[in-house]
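Each step along the sequence shown adds one to the number in our numbering, with nothing skipped, and position 90 is 90.
Accuracy of the hints is not assured; some may be wrong.
[Stated by the list, open to error] Subject to a maximum C-alpha distance of 25 Å in a straight line, what follows is the list of computed SDA-like cross-link-like pairs (lysine to any residue):
no., residue 1, residue 2
1, Lys142, Gly84
2, Lys68, Lys27
3, Lys142, Glu171
4, Lys168, Phe58
5, Lys48, Phe24
6, Lys27, Lys124
7, Lys68, Phe139
8, Lys168, Ile186
9, Lys27, Thr13
10, Lys68, Ser39
11, Lys48, Ala15
12, Lys168, Thr2
13, Lys273, Gly260
14, Lys168, Phe139
15, Lys273, Ile194
16, Lys124, Lys168
17, Lys27, Phe58
Read the hints as simulated data drawn from the structure, not as lab findings.
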Amino acid sequence: MTDIKSMTLPEMTAALSALGEPAFRGKQVFSWLHRGAESFEEMTNLSKALRDKLRANFLITVPKPVRKQVSQLDGTVKYLWELGDGNCIESVVMQYHHGNTVCISSQVGCRMGCEFCASTVAGKVRDLTPSEMLDQVIFTQKDSGLEISNIVLMGIGEPLDNLDTVLKFLELINHPDGMNIGMRHISLSTCGIIPGIQRLAELSLQLTLSVSLHAPDSETRSRIMPVNRAYDVDALFEACHRYFDRTGRRISFEYAMIDGVNDHDWQADLIAKKLRGMPGHVNLIPLNDVVESPFRPSKRIGAFQARLSSHGITATVRRSLGGDIDASCGQLRRKAMEEQKGENRQ
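Given the sequences, and given the hints that come with them, work out the whole structure.
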């Protein structure tokens, strides 16, 4: 059975034409799917004969919400979705004055191995499909009742490790007959996969590139982020400069503040040196406590921010949302996996 929601509109139109249907049927089905139709029976402007043909040839992905947590502090909503094969992923809806943002996953698990991240604890299981990425936006909006205006690809997984799927997702989510969310309302976060950054630069997409930096020196970054051994931080900064030169888009650098590891003044000075000649925004992130991690939150966030500002670098401290609901990436999935292991032992 073919995953119809992963098709672009031209692909869907061609598939229906092969079944003897007129071209306009593709647009009708496309629109239904992107509005959250869970079965072909819901597509009431299609004939029964066509719905029967669709059911015989295609499947519609529908994630199952196995857990939903709503923060009593700020209204943040976190979902643990079960996919068709039983694997689980997370999505988080955050409410801001400028609109509602959903943070979505791009893979089941992650193989990047960052020492401070819960997403990577169990490694990577598989890539998501375009429909499974799209579903997180569609069904989060449908279930929460919150209209989604912004998307961040910053959940479980490394988007540039699943780049072809991510690019197709971007095409789908941006389509005017779909959810029609513009590229400037989408942020993509990477731990520094340089070939992927180069490909994004060539495409000149108007999304916001967010680089998980977390250390400006190779020794520290290799210690906490194994990806640095493949794509060194100096090469990463060079790729970022080329990206800016090609696209004109300012890059956001994510920086999780780790006590005694990456929060020294000399590291702030080094960030400023390596950003010279390129506008960049440094987003300082209070570290979340992860049980398996030996690292703890820094006590020097204010001092580090002031040091960056003294160099003329725009640096902000990320507002923590959903602190009472395991809202940071990978925590809810990890907790569910641990509970499942306990049930299996019993």
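Status of each hint after checking the structure:
| no. | hint | in the structure |
| --- | --- | --- |
| 1 | Lys142 with Gly84 | holds, 19 Å |
| 2 | Lys68 with Lys27 | violated, 32 Å |
| 3 | Lys142 with Glu171 | holds, 21 Å |
| 4 | Lys168 with Phe58 | holds, 19 Å |
| 5 | Lys48 with Phe24 | holds, 17 Å |
| 6 | Lys27 with Lys124 | violated, 35 Å |
| 7 | Lys68 with Phe139 | holds, 12 Å |
| 8 | Lys168 with Ile186 | holds, 14 Å |
| 9 | Lys27 with Thr13 | holds, 7 Å |
| 10 | Lys68 with Ser39 | holds, 23 Å |
| 11 | Lys48 with Ala15 | holds, 18 Å |
| 12 | Lys168 with Thr2 | holds, 16 Å |
| 13 | Lys273 with Gly260 | holds, 21 Å |
| 14 | Lys168 with Phe139 | holds, 18 Å |
| 15 | Lys273 with Ile194 | holds, 20 Å |
| 16 | Lys124 with Lys168 | holds, 21 Å |
| 17 | Lys27 with Phe58 | holds, 16 Å |
Hints 2, 6 from the list above are not met by this structure, while the remaining hints are.
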